[in-house]
Amino acid sequence: MSKCRIPLGPFHPLLEEAEFFDIKVEGEKVVDIEMETGWMHRGHEKISETRSYTQSIFLVERICGICSTSHPFAAAHAMEDIDNVEIPERAKYIRIFIGEMERIHSHLLWLGLAGHFIGYDTLWMWTWKYREPVLQIFEKVSGNRNHYAMFRVGGVSRDFDNALIPEIHPVLDMLEKKMLMLAGAVKDDPVLRSRLKGVGVLTKDDAINYCANGPTARASGVDIDVRRDDGLEYDLVNFDVIVLPNGDVYDKMVVRVLEIIESVKIIRQCLDAFPKVGGEYLNKVKHISPGEGIGRYEAPRGEVFHYIRSDGSNRPLRHKVRAPSFSNIPTYKASCVGIPLADALITLAAVDPCYCCTERSIRVVDKNNKKLEHNILTMSREKTANLKKVVAGSEKTPIDRIFED
Amino acid sequence: MSDKGTEFFEKFQDKMTKVIKKPRRNYFNVKNEDLWEISDYLFNTMGCRLSICTATEVYDGLEVLYHFSDDTTGIYYNPRVKTGLKNPEINSITPLIEGANWIEREMYDLFGIKFKGHPELKKLLTINNPHFTEDDHPMRFNRNRTKEK
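As you go down the protein sequences, you meet chains U and D in turn. Residue 32 in this note's numbering is what sits at position 32 of the first sequence, and the numbering runs on without skipping anything. Residue 52 in this note's numbering is what sits at position 52 of the second sequence, and the numbering runs on without skipping anything.
Everything hinted at is true.
Distance windows between CB atoms, simulated:
no., chain 1, residue 1, chain 2, residue 2, range
1, D, D3, U, R315, 33 to 43 Å
2, U, E28, D, G5, 44 to 54 Å
3, D, G117, U, D223, 30 to 40 Å
4, U, V243, D, K31, 35 to 45 Å
5, D, K18, U, K276, 38 to 48 Å
6, D, K18, U, S194, 53 to 63 Å
7, U, G338, D, P119, 15 to 25 Å
8, U, D223, D, E10, 23 to 33 Å
9, U, N238, D, G47, 19 to 29 Å
10, D, K18, U, T50, 25 to 35 Å
11, U, D161, D, P119, 48 to 58 Å
12, D, E89, U, E34, 22 to 32 Å
13, D, M46, U, A163, 41 to 51 Å
14, U, P13, D, T17, 53 to 63 Å
None of these hints come from the bench; they were simulated from the model. Every residue gets a Cβ at the ideal spot worked out from N, C-alpha and C, and that includes glycine.
With the rest of the complex left out, here is chain D (with noise of 0.2 Å):
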């Protein structure tokens, strides 16, 4: 790993959780309250790129991995944020990134995260289609359940 990527580690070590470190990649938890920070750190000093968000369900809830790319060593360094299937919430990185605004409306469309503080948080690939309401997010397994009720 790269002299930047180990300051990283030891700047935001009590910060993170479940850190797997791989020669290329690193994964690690974060919580809600320190995304911004991490993420202005990973942006604006080391000077990444954020490549895309990936929003997985999961049996206990939803997480979004964000996946910040050092293209000066190919390493990804990749936050991991949780929040609950009910009411998803997170903080936005739009007014810090201006790449992150489709990646988190796509998410919001499929997934239904609210992202706090977006600027304009709405639907970015089902908004024309017929099929779709607002409340439809297509990626969440019970898509149709509160329908059928």
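Next comes chain U alone, as it looks inside the complex (with noise of 0.2 Å):
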């Protein structure tokens, strides 16, 4: 049978980030995938060096908008690694509160949008409903609702307030419930698990092979969880790994529906704490001396990874950012081939890609070496006055051009 190539993206209606797969099929069977990236560069890496260390805290956090503690979480470890610099037991507690809502946000979000990839869209709109109360606890907590600002080299930086305790118990009971009634309806629903069950399978060997992890590790049965190999601040509170053998999508989805309750339950152990747990929530580093420091921290999609070289002064020589995804993108090349064309959807979306994570280390120079800056607020509201006088005027609109070329 001949191969037909079929070009997906890198804007596609199907894709929420601009990537572009070259997936090659005989028949209705995919028979190889090539990816290509470069579409979301903003040059972090490069950025990062001309920053001061605390300001380098606050530039990786918008890395990412959904899992956007995850890298100053690591950030802060490499920085505190370099020193080996002690943090007040407040400050851990307030940091693992903050880490684990995010992943219960992350994996609501993600469990949403695998449901809308396979068209079962009372998912979406169940899961994304339930994740709006957390998101209103971020707001209250932190005073945002996405980036939290609440990290610093040797804590945090904002207490937390104990009278919002009461106000959070609710809402972690109603998730506890609501998860247990989603776990159930996964597991139980026919369609579900015909769609999911051994598709996009990706084996142990290969697993390990790509170096993958995070939730698309434990899923194919590799027990790792940097929570619990760092320890750093995770060894205050007592949570299990959840690990799945069978590396289907399936699984996948069970580690994260699975991975929430836990969640909910190293939350509760927090809540109890902060009352008994008082002082200082901040200790103040002035200096960090010349050296190497590795940092860590278990992001909802995975292991996000920070490398930070100093020299004295203070600002890093060298930062390094690993996003989870950059090793887990890579394992398609293993789980997509071999299955049908319909199913490899699903399968790219299953490892939780984010490609503004992957792609992060270039810094915009045009050719007269000036750097580019735009105010992308100003430009958006241009685009929209020029659309609104498209539109109002007798001109044609934008969507009778696309027919038009």
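Hints in hand, dock the two standalone chains.
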């Protein structure tokens, strides 16, 4: 049978972000897949060399809009690793609280998108409905729904208000109840089972060889979790690492649902500890000595890795950032080949890829060596004004133009 | 340090220089020709995972730091390989570890380090960027110097 090439992307209604897949099919079966990246550069590694350590933490928070606290978490660990800085116990609990709340909202977001990809929009609407109270708690705790700016070298930047504890408990109860309901629904639903069971299998050997991490590796039977292995803050709380053996999309889904329930368990332990553990929440670090530091954190998608090299000044000499998707996206070569094209899309989505995390390292410099800096808000307003003009005037609408081309 | 780690340092004692041992992090320099053997031991015998590699430009050349994570103990083993500023070249470990494929392509893209033995060494991140030619390596300090001449 002759081979056919299907280009998907870089801008495609089915994809959430800009990426390009070159899928080769034989009949309906995928025989090869190539990926191309490079549409999301912002240049964090280079910019970070021009910022002080505290500014760097706020800079790396902007790498990802969903798991936005995982990069500051790892960067703070890397900076503390150089001098072995001890952080206060209350700060540890606040860090765990923020990290686990984020895991819940990120997994819920993925679960909704996974439902959307297989045409199960009820699941999408449900999970995003349950995600909203989590974001509202973030707004109460940190003042913001998504970029929390809670991290500093040596602790956290603001204290947790103990008066919020009675408001958070009902949300956790609701989440646990609904997640158990969802776990039951996912496990029992014959449509979901037939759509996800045995689809896009990533074997344990492949997961190890591709150096996969996070839920992608854990669903393939690789028992790794940075929270338990590194254990810097997470030694204070008890939780189970969810590991499943099959490596298909169904197991990846179940791992995430069960991890939400574990996160609820961890947050309850934090809320119990907050009234008992008082005192300082920031150990002020004045100076970082020359040396190298490695910091990592288990983000919702896997291991976030930061490496910082210091020369004794107030800026990092080298700041390396590795997002989990960078290791997980190449596993498509193992998991997508040999399956029908219709199943390929959910397999591509199953590792919860985050392309703006994966590509982050170029600063755009134009021909005259000037930095290109645009005010995105102004650009957005201009674009909307132009669109309004086009629609209101006698000119053709943008949709008409698509058909002309 | 775990027993595995002690055994590793005893076995490769002669091939390492500038060893820095911290409780959870170990940094040491190795030669380019010993990289394959050490990576093979770390990956296949000790069961470490290659997290990522960090390339850095320093005053006397380029250096690549390989971060191998032992997930059973949380200890990192970081072999460091040095190469010159002109025609930087290092042996590829992609035939050994499939996960190193994108990592080496990224370092080739940003720093211009050629990995000998890599199955398809091409740019990863700036491949579609109209501002960069094949010879542009944006993380190098002298990126535009050759162009101006």
